[in-house]
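Residue strings, one per chain:
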Amino acid sequence: MHMSDALLSPAVGGSFWAGSFGLITYCANRLKDRVDDRIVPLMGVLGAFVFSAQMINFTIPGTGSSGHISGAMLLAILLGPYAGFIVISSVLIIQCLFFGDGGLLALGCNIWNLGLYPCFVAYPLVYRPIAGTGASSRRIMIASVLGVVVGLELGAFSVVVQTVLSGRSELPFKAFVAAMLPIHLAIGLVEGLVTAGIINYVRKAMPGFLEGRSLSDMRGTMKGVVIAFAVMALLTGGVLSWFASTHPDGLEWSVERVYGERELPVDGGVITRWFRDIQEALTILPDYDIPADSGGQADTVEGYPSPDVGTSLSGVVGALMVGIVILFIGMGIRHRRLKG
Amino acid sequence: MTSFDKAYFNLGYIDTLSYGDSFVHRLDPRVKLIVTIVFIVSVVSFPKYEILRLIPFFLFPVFMMTAGNIPSGFVLKRMLFVSPFVIMTGIFNPILDSKTFHLVSGLTISAGWVSFFSIMLRFLLTVSSALLLIATTSFYGVCHALNSLGLPRAFVIQMVFLYRYTFVLAGEAMRMVRGVTIRSSNRGMGMGTFVNLLGVLFLRTMKRSEAIYQAMCSRGFDGEVRLLRSLRIRLNDLAFAIISITLFIIFRWFDIPGYIGGLVIR
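Protein chains in written order, with this note's numbering: chain A, 1008 to 1347; chain B, 6 to 271.
Just so you know, the hints here were simulated from the structure itself, not pulled from any lab data.
Be aware that one or more of the hints could be misleading.
Coverage of chain A stretches by chain B, computed from C-beta distances (three or more under 8 Å per stretch; other residues unrestricted) [as the list claims (entries may be wrong)]:
#1 1009-1022
#2 1191-1199
Pair by pair, the computed Cβ-Cβ distance ranges are [stated by the list, open to error]:
#3 A:LEU1196 with B:ASP10: 45 to 51 Å
#4 B:SER103 with A:LEU1132: 39 to 45 Å
#5 B:ASP26 with A:MET1213: 34 to 40 Å
Taking lysine-lysine pairs in the DSS-like style, the calculated list, with each CA pair at most 30 Å apart, reads [unchecked claim]:
#6 B:LYS11 with B:LYS212
#7 B:LYS82 with B:LYS11
#8 B:LYS212 with A:LYS1211
#9 A:LYS1039 with B:LYS212
#10 A:LYS1346 with B:LYS82
#11 B:LYS11 with A:LYS1181
For glycine and all other residues, C-beta sits at the position ideal for the given N, C-alpha and C.
Model the full assembly from the supplied sequences, consistent with the hints where possible.
In structure tokens, the structure reads:
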């Protein structure tokens, strides 16, 4: 359920970048004044542990299909919310770069969806109250299943909100929610059981490891949650709605503010004149004229100017030619490299 | 080969690619990161029914791939692997968006297909550029770049550690998964086995973390990790940045395919 660049608008992607990386900075600062510097290598190897675990597929009981874990809740339980959030964020960055999951712009959304909800909502508000001191394995089981489900469902809901706000996909909000939430309920149940299994294993094998941990980290967690949500509210309320309201595209919106028109004033510009001169000198098929208004537009798409028929044919031809030129450039560079 | 082996192999493969030597590899990681981000923002900032004006942007990934000597099969395969979510989210556009576009006189196309193809083009452009960034830049280079662009040091150090120990732990995990696979014929790994396997892996991880900590302490670790900085912006980097960003701006604001097509047909 990684969010993807292709479905995002720059305004939504940028806002969540700001939110996620702001939170990373906040968490990193909080970790700075920890007494125990053992946490530095521990966070590193636990990140590597979760990353390796994600690559292992296991059979989901009763279905025959296989799945893997995401591990954010596991990290929050093992390391506490702040360190856990830092570690899961670093795992997500490596996934994005090495496996192409999501994309660079969507990274902010993915850290938000897959890291913030498990670490700062599900862990302090669901897992800790139910698991209590962590003395009973049954309570740990219930707490992790519920915690993981809550975290994943919030993340899935957030994917829907980001997609709908960006307006690249036509999926209606309700149908998308109806599709995403049940899928992630099932995934969450399985991941919750696995998380509980590992936590109980650790409790047996390393008694005392979990007890002292993360309790001290709980001070101020609620403050963190409140700050995170205040940032989110500001972002959505202030920036997003401002951008997303009438014009789906922030960049065009800002162009419109500056120039009073949606597109840059191209006509009469130096480049246009230059192009027109070349065009007059070079036109290959001077008599081949497409009637500009044959048939017209059946439906104009709201908010976008209806494309002119003549220009769109020349656009298609131009795009094809550009594509071929790029292909040749690529082949040329490769050829030269192979020779050299 | 198990799916785990494949994922592990891929990781090592990109790592190997990233230490190659080419014009693109030698560019400063900060410059590559910034140019890639500008590229992605320019691509996704187009309105949703844009197809043609996205085409010129392919110049950038094609250049990075060919000049960086990265096999195209590798990039395509990785993208195929991560495409399902985008396809599933976009494929309903043709059904739900019943508006129509007249492409050429007499030829109509549903606006939903237009926006779906637009999504797929964006997907190709953005994912390939992110993959090519890491395939032509060592991971430590990217970490340095992120650090000098203002990401907190504690976080950058976390990424360096994570990356370094991923290869160690994934190697260990791979041997364990192989052991299970060999002993379980073709049944796949059940959840119980998986949990126990992860439990054992966790214990080994903890032991290793302790050993690393001691090794660090014996080398004078005082809670502060210092990064060696050796990045320098050269003329090549500046030229690359200026040329690419200028091209992105031209591609974004001027209808290049329209102009070129206009040269041919008029």
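Checked hints:
| no. | hint | in the structure |
| --- | --- | --- |
| 1 | 1009-1022 | holds (count 10) |
| 2 | 1191-1199 | violated (count 1) |
| 3 | A:LEU1196 with B:ASP10: 45 to 51 Å | violated, 28 Å |
| 4 | B:SER103 with A:LEU1132: 39 to 45 Å | holds, 43 Å |
| 5 | B:ASP26 with A:MET1213: 34 to 40 Å | violated, 46 Å |
| 6 | B:LYS11 with B:LYS212 | holds, 27 Å |
| 7 | B:LYS82 with B:LYS11 | holds, 12 Å |
| 8 | B:LYS212 with A:LYS1211 | holds, 16 Å |
| 9 | A:LYS1039 with B:LYS212 | holds, 24 Å |
| 10 | A:LYS1346 with B:LYS82 | holds, 26 Å |
| 11 | B:LYS11 with A:LYS1181 | violated, 38 Å |
The structure does not agree with the numbered hints 2, 3, 5 and 11 stated previously, though it agrees with the rest.
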